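Asker: Model the placement of chain L on the given structure of chain Z, informed by the hints.
First to last, the sequence lines map onto chains Z and L.
Read in this note's numbering, the first sequence has 255 at position 255, and its numbers run on one by one without any break.
With positions in the second sequence counted from 1, the corresponding number in this note's numbering is that position plus 374.
Hints in this document: simulated from the structure, not taken from any laboratory.
Keep in mind it's a predicted model, so treat the numbers as computed, not measured.
Even glycine gets a Cβ: it sits at the ideal position worked out from N, Cα and C.
Be a bit skeptical, because a hint or two may be false.
[What the hints assert, rightly or not] Chain L is faced by these chain Z residues, among others (derived, beta-carbon under 8 Å):
{"hint": "1", "residue": "V122"}
{"hint": "2", "residue": "S340"}
{"hint": "3", "residue": "R362"}
{"hint": "4", "residue": "G366"}
[Claimed, not checked] To spell it out: a stretch of chain L is covered by chain Z in this simulated footprint if at least three of its residues, at any positions, have a beta carbon under 8 Å from a beta carbon of chain Z; those stretches are:
{"hint": "5", "region": "419 to 429"}
{"hint": "6", "region": "518 to 529"}
[To be verified] What the simulated footprint calls covered on chain Z by chain L, stretch by stretch (three residues with Cβ under 8 Å from a Cβ of chain L suffice, anywhere in the stretch; the number is not a length):
{"hint": "7", "region": "320 to 334"}
{"hint": "8", "region": "342 to 351"}
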Amino acid sequence: MSDDARFGLGRTVKLPGPLRLDGGAMLAPVEIAYETYGTLAPDGGNAILVCHALTGDQHVASEHPRTGKPGWWSRVVGPDKPIDTNRFFVICANVLGSCMGSSGPASIDPETSAPYAMAFPVITIRDMVRAQAMLLDHLGIGRLFAVVGGSMGGMQALSWTATYPERVASAVVIASTARHSAQNIAFHEVGRQAVMADPRWSNGDYYASGEGPSAGLAVARMAAHITYLSEAGLTEKFGRKLQGRDAKTFGFDADFQVESYLRYQGISFTDRFDANSYLYITRAMDYFDLAEEHGGLLANAFRHSGTRFCVVSFDTDWLYPTSESRAVVRALNAAAAAASFVELSSPFGHDAFLLENAELARVIDGFLRAGESR
Amino acid sequence: MSQLRPDLAIIADNVSPGSRVLDVGCGDGALMAALRDQRQCDARGLEIDGGNVAAAMARGLSVVQGDADTDLADYPDAAFDYAILSQTLQTTRHPDLVLEHLLRIGRRAFVSFPNFAHWRMRASLLTHGRMPITRQLPLRWYDTPNIHHLSIDDFRDFLKTRGITVEGCWFLAGERRRGSTMANLLAAHAVFLLRR
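Isolated chain Z, as found in the complex:
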C-alpha cells in the first residue's frame, strides 16, 4: 500500500481544467471521484483503467456506500482475479455526468453556486475519456497497460484507443458497440421521456425540493432493465408465475412475478441514481458513433493502432448484439490491428458481462497475460 494520498479507495480530485467538451462548452473545475487498487509499478507499466457502464460507478471492487453491495465487478477485479490486483494497479473513475462524486448535473455550478441541473453541458463518451486522461495525468500514469470495459465501459475503451492511441497498450471491449443504433436510441428516449413526464422533474430543477422524479426514473429503469435481460432468461426466471397469489386479481396490482421484479428494480434504482445524470449519460451514449468521428469509416479509428484488442460478445445479448462486435472486428481487421474476438454463450443477455462466467474470466486472464510477456 502506498502512502500517496492520490491512491486508494474513495478518492476525489478537483482538477482546475478547463476541459473543452465536444459540444463546445468549457467545463471547470472538473471533479473526478475514483478508486485505485493494487500498487503502481515503479515504471508505471501495470496500470489498468476499468470503465463502468451507464449506471455504474467507481466502486468496481469495493462495497457500494449506499447499497452496501459488493463492487459491481468484484468477480473480475481483485486479488487472483482475472484483473489481478496483486499484479495490476487498477483505476476506476466515476464518469463525467454521473452522480457518484464526479462533475455532473447535481454538482455545484461555480457561476451560480447552485446545482447545474440542466445547465450542465451535454457531454459525450469522448469527453468522459478526456476527463479520465486528465485523471491519469494527475496520477502520473502515461501509458495504460490496458483499458477494460463492458457496455458503455466498452465504448469508453474504444474511444480511448482512438483518442489516445499512444496511451493504450491493450483494450478489452465487452458486450459493447462502436455506435448506438436507432433501437438503442429509441429505448433511451423512452427512458428520458418517462423522467421528463414526471411533474417532479421540474425541468431538472428538483434538487432544492428534496424530491426528484423518482416515479419517472423508476419507469426508465424498468424499460432499460428489460433490454439487459434475454427473453429466454426472463421466461426461465419468471415465466407467467404469479406473485404471492393463487389467481389473477382482475386489477392492476403486480399480479405477475416479472411485474413485481421490475417494479422493485425501478424503485431501488431511484435510491442510488440521479435522474438528470440518467438523462445526460444516456444522451452521451446516443451520440456515440466512433466511425462518424473518423470520416464515416470505422477502420480509420484504428489505423496505425499499436493497441491489442480483445472484443467479446454474448450470444443472447440483443442490446449490443454480436453483429455490433463483428462490425468492430471487421474494422480492426481492415486496419490490420491486433484483434481477438469471441462470442461467448450465456443465457443472461446483456447482463452476462457482469455475472459469473468462467470463459470470460479465462479470456480476460489470457489476454492480459499475453500483454505482460511482450
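Answerer: Positioned in the frame of chain Z, the structure of chain L alone reads:
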C-alpha cells in the same frame, strides 16, 4: 510443448522466423503458439468454433471468431507474409474463393488437406461401395464437415488453371513424410506452399 500435428510441423518448419502469419481455421491455436514461441512470428488466427477461440485467447493468442467463407474479405491485401489454411479447404463452401483470398491477404500461402485419392480411400470405395471412413476422415457422409473432397491431382490442376505458383510441396503417409512419387495414390495428406 505438445507435439504438433505432422502437417502443422511441416508448416512451422518452413515459415521464415519473424514473419506475420494469418492462420485460417487455427483451431485451439497450436500452430500459432509454436510459430510465436519458436519462430518469433506475429501470428493471428481465424476460427469458427467459439470454444476453440476462447481456448486460443486464453493462451494469449490473437484469434477472431469467424468463418473463412465470409470473413476473409475483411482483411487488407498483402497484410501477412503467410496465410495458412490447414485441413480446412475441404470444409469451405467456396474453396476457390477462399484460396483467392488467401493469396490476396498473404504474400504466400500454406494449404494442407487430406488426399481423397489415397489408395485406402480407393480400396474402401471399390470394395464396399460406400463413402470411406478412415482415421483421417472418421465421420460418416451426413455428419462430416468435409463437403469438398479433393485429390492431390485435383489440386494441382486447379493451381495450373488459376496460374498459381507452387513453391514447395510435402506429402505424408500416416505420421511420416514421403516422397512425391505417385503421391496422388500413396500420400494420405499434402501440404503446399503457394504464391500468386
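Asker: Please write out, lowest number first, the hints stated earlier that are contradicted by the structure.
Answerer: Violated: hints 1, 6.
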